Amino acid sequence: MNVRGNALKFCKVAGLPVLEPFVRLLAGEDPKEQLAGITKFVVLPVFTVLIFLGLWSLAAKTIVTGSARLPGPKATWDAGVELFEMHRQQKAADSAMRQEKLTQAVQSMAKAKVLEQAAAEKTGSAKEEMLASALTYKQDAVRAANFVPSSAPTFVDQIITSLKTVFFGFAIATLIAVPLGVLCGMSPWFNAALTPFIQVFKPVSPLAWLPLAGLVIIWAYSGVNQEDTYFQKAFLISAVTVSLCSLWPTLVNTTLGVASVDKDYMNVAKVLKLSWPQQLFKIILPASLPLMFAGLRISLGVGWMVLIAADMLAQNPGLGKFVWDEFQNGSSQTYARIAFSVIVIGVIGLMLDRIMIFLRNLVSFGNPHAA
Amino acid sequence: MNAIASAEAAPSLIASEASQHAPARTSAPQPIITLRNVSKGYGSGVTRNEVLTGINLNLREGEFLAVVGFSGSGKTTLTQLLAGLIRPDEGEIMMDGKPITGPSPQRGLVFQNYSLLPWLTVRGNIALSVDRVFRSWSRAARREHVDKFVEMVGLSHAVHRRPHELSGGMRQRVSLARTLAMKPKVLLLDEPLSALDALTRSVMQDEILKIWEEERQTCLMITNDVDEAILVADRIAPLNPGPRASLGPAFTVGLDRPRDKTELNHNERFKQLRNAVTNYLVAVRQKSRRDQSGGQTASIKRPDIRPADLGGPRRAILNSPV
Chain A
1 MNVRGNALKF
11 CKVAGLPVLE
21 PFVRLLAGED
31 PKEQLAGITK
41 FVVLPVFTVL
51 IFLGLWSLAA
61 KTIVTGSARL
71 PGPKATWDAG
81 VELFEMHRQQ
91 KAADSAMRQE
101 KLTQAVQSMA
111 KAKVLEQAAA
121 EKTGSAKEEM
131 LASALTYKQD
141 AVRAANFVPS
151 SAPTFVDQII
161 TSLKTVFFGF
171 AIATLIAVPL
181 GVLCGMSPWF
191 NAALTPFIQV
201 FKPVSPLAWL
211 PLAGLVIIWA
221 YSGVNQEDTY
231 FQKAFLISAV
241 TVSLCSLWPT
251 LVNTTLGVAS
261 VDKDYMNVAK
271 VLKLSWPQQL
281 FKIILPASLP
291 LMFAGLRISL
301 GVGWMVLIAA
311 DMLAQNPGLG
321 KFVWDEFQNG
331 SSQTYARIAF
341 SVIVIGVIGL
351 MLDRIMIFLR
361 NLVSFGNPHA
371 A
Chain B
1 MNAIASAEAA
11 PSLIASEASQ
21 HAPARTSAPQ
31 PIITLRNVSK
41 GYGSGVTRNE
51 VLTGINLNLR
61 EGEFLAVVGF
71 SGSGKTTLTQ
81 LLAGLIRPDE
91 GEIMMDGKPI
101 TGPSPQRGLV
111 FQNYSLLPWL
121 TVRGNIALSV
131 DRVFRSWSRA
141 ARREHVDKFV
151 EMVGLSHAVH
161 RRPHELSGGM
171 RQRVSLARTL
181 AMKPKVLLLD
191 EPLSALDALT
201 RSVMQDEILK
211 IWEEERQTCL
221 MITNDVDEAI
231 LVADRIAPLN
241 PGPRASLGPA
251 FTVGLDRPRD
261 KTELNHNERF
271 KQLRNAVTNY
281 LVAVRQKSRR
291 DQSGGQTASI
301 KRPDIRPADL
311 GGPRRAILNS
321 PV
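So the protein sequences, as listed, match chains A and B.
So the first sequence is numbered by full-length UniProt numbering: it starts at 1 and just counts up by one.
So the second sequence is numbered by full-length UniProt numbering: it starts at 1 and just counts up by one.
Worth flagging that the hints you see were computed from the coordinates, not collected in a lab.
Computed from a predicted structure; not experimentally measured.
Check before you lean on any hint, since a few could be wrong.
Capping the alpha-carbon separation at 30 Å, the derived lysine-lysine pairs in DSSO-like fashion look like this [as the list claims (entries may be wrong)]: (1) Lys-185(B) / Lys-263(A); (2) Lys-101(A) / Lys-113(A); (3) Lys-273(A) / Lys-185(B); (4) Lys-91(A) / Lys-12(A); (5) Lys-127(A) / Lys-91(A); (6) Lys-113(A) / Lys-74(A); (7) Lys-40(A) / Lys-74(A); (8) Lys-183(B) / Lys-98(B); (9) Lys-263(A) / Lys-98(B); (10) Lys-273(A) / Lys-271(B); (11) Lys-101(A) / Lys-74(A); (12) Lys-138(A) / Lys-122(A); (13) Lys-270(A) / Lys-185(B); (14) Lys-210(B) / Lys-185(B); (15) Lys-202(A) / Lys-164(A); (16) Lys-270(A) / Lys-210(B); (17) Lys-148(B) / Lys-270(A); (18) Lys-263(A) / Lys-183(B); (19) Lys-270(A) / Lys-183(B); (20) Lys-263(A) / Lys-148(B); (21) Lys-74(A) / Lys-61(A); (22) Lys-261(B) / Lys-273(A).
Start from the sequences, fold in the hints, and give me the full structure.
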């Protein structure tokens, strides 16, 4: 019973009602009832996806221009398989290269060792000469050991960069929006002071922010050697643009969450004479977590959407740049690859959303919502 | 003896001002909380709404006082005043001779809607108050203290559950344990049972009575149930209906403890008392309604208008150039 209960609870908290009928079926509940659930969550979606694929194929046959044609599902799938195959080959080549360099490094090191030992027995200029060449061997060894293959980023690399960028931007946005939102929620005066900014900047598109963000980053990096910096300019421009756009949902929702903390909870805090930090951390923040996480979820969604556009414009390595580059290259595979990227972007967005739903449900004190 | 005397005297007191209420003080212990001429209202100017006026009350050490009133008569405002969550506009509230300036764990408040923190377990909710009030104790001592009170309200089996996994009665038990665990000097119960169904309510009444008889703590309970008040209280103070609510003369219950609900139903004194309190409350409400409606008819003068047929002229007016 408890395994079943926990599994059902997990389905609910994780926002995965798809699994619920299967869990119940495994637990030996009435199969007829569960069949309805399976039909609703599995058979029906599969059916609609099939219809979509059919319509897509039809469209692919119809939409043909002189130079290009809309890729069908099959072409898109093949392009995807090819992209991953390219990634695999590239990685295999890279690791072979690295292996080779590593052997080189070991050999150089061994030579350096031999030379040093020989040098220990000699004296005068001969010894110094030997030591100097041993040092060159050692340097060679270090360089070979630290070798990073300079191959172009593959599709999978682009995905990883995109995820890094979006999480970095999202983290900045969260660090700014949550404290500001808490202040706004606690003080109507503070809220009134910030409202004009929130209202005006909230609807601004990422494309408008990007040049300004770029300017600020370039200013901050002026006179700094690109080699010495931890982040690349394009990465920062993208990340800052993502932050500027994904800031607002979290800010607004945190404000709402903090402002609408149940008055009775505050009375409890007053009777207990909790200090201000205790009130904040024991009452206000936990009580506003569900709404805060609802805001974070929207923020991450917005951030992911914005990122693609920002990557395209800032030329930051990522999915957006991949799509743009493919479009510019104009090979026979171009549109199929773009179509595949679209699906990948969507699937990643879906997974990010599910993760946020899961986190939000974890802090919703037994009041989870599926969506 | 005293109880019957005051109960019988009650109807004649209806017309008299409530502020005249002066409980017999011959051998009464020292009051722990004193309210003197307390008034409280909300809003200002035209929208000013006086909720309580001229409240005088002595809560004596070790007694169980019940304040009975209809809904909307300012009962919750009264508990909030006593708890120190709001300040009176006029008059003063003293505890042990010192004016109350704000809320304090010395006056433990049990909320009508439990006010349990939903993200904390049963233990967490109780530990929140214990950790705060008994900061100087060792961790183990505080934990033991929490366990003691969880057991007192019979929730040892549910100590790891969160409020949403508890029934209404269980939640109110947790709320009660949370407040009792603070070891308050005075326990304030703000309609603690009014959100419960009748059966649970009856069980919880016995529970509260049992706990009170163990601890013999000074206790003030606000309720809208006369039977409940007689069952648990030493004295009953009726709250006259608002606006401008004030306390009526107190009834001394004087029934032997421990009290049993089923036995009480056949007790002559219980029946008498119930009738007296109920009759008093009903009479006061009727009087207040009469006063209100009487005032209205006197102040509004009926206009001297007669209906007229506007059919013909209206068309002419509409078509005429303006």
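Checklist entry - Does Lys-270(A) pair with Lys-185(B) here, judged by a C-alpha cut-off of 30 Å? => result Distance of about 17 Å is within 30 Å: holds.
Next on the checklist: Tell me if the straight-line CA distance from Lys-148(B) to Lys-270(A) falls inside 30 Å.
Outcome noted: holds (25 Å)
Checklist entry - Straight-line Cα separation of Lys-273(A) and Lys-271(B) no greater than 30 Å? => result violated (43 Å)
Checklist entry - Holds or violated: Lys-101(A) with Lys-74(A), Cα cutoff 30 Å? => result Since the Cα atoms of Lys-101(A) and Lys-74(A) sit roughly 40 Å apart, the hinted pair is violated (cutoff 30 Å).
Next on the checklist: With the threshold set at 30 Å, check whether the alpha-carbon distance from Lys-40(A) to Lys-74(A) stays at or below it.
Outcome noted: holds (27 Å)
Next on the checklist: Just to be careful, I want the Cα atoms of Lys-270(A) and Lys-183(B) compared with a cutoff of 30 Å; is the pair within it?
Outcome noted: holds (17 Å)
Next on the checklist: Does Lys-263(A) sit within 30 Å of Lys-185(B), going by the straight-line distance between their CA atoms?
Outcome noted: holds (24 Å)
Checklist entry - If you draw a straight line from the CA of Lys-113(A) to the CA of Lys-74(A), is it 30 Å or shorter? => result violated (58 Å)
Next on the checklist: Hint check: Lys-261(B) vs Lys-273(A), CA-CA at most 30 Å. Holds or violated?
Outcome noted: Given that 30 Å is the threshold and the Cα spacing comes to 38 Å, the pair is violated.
Checklist entry - Within a Cα-Cα threshold of 30 Å, do Lys-270(A) and Lys-210(B) meet the stated pairing? => result Holds, at roughly 29 Å.
Next on the checklist: Does Lys-61(A) sit within 30 Å of Lys-74(A), going by the straight-line distance between their CA atoms?
Outcome noted: Given that 30 Å is the threshold and the Cα spacing comes to 12 Å, the pair holds.
Item to check | Satisfaction of hint between Lys-98(B) and Lys-183(B), Cα-Cα up to 30 Å | outcome: The hint holds at about 20 Å.
Of the numbered hints listed earlier, those contradicted by the structure are 4, 5, 6, 10, 11, 22.
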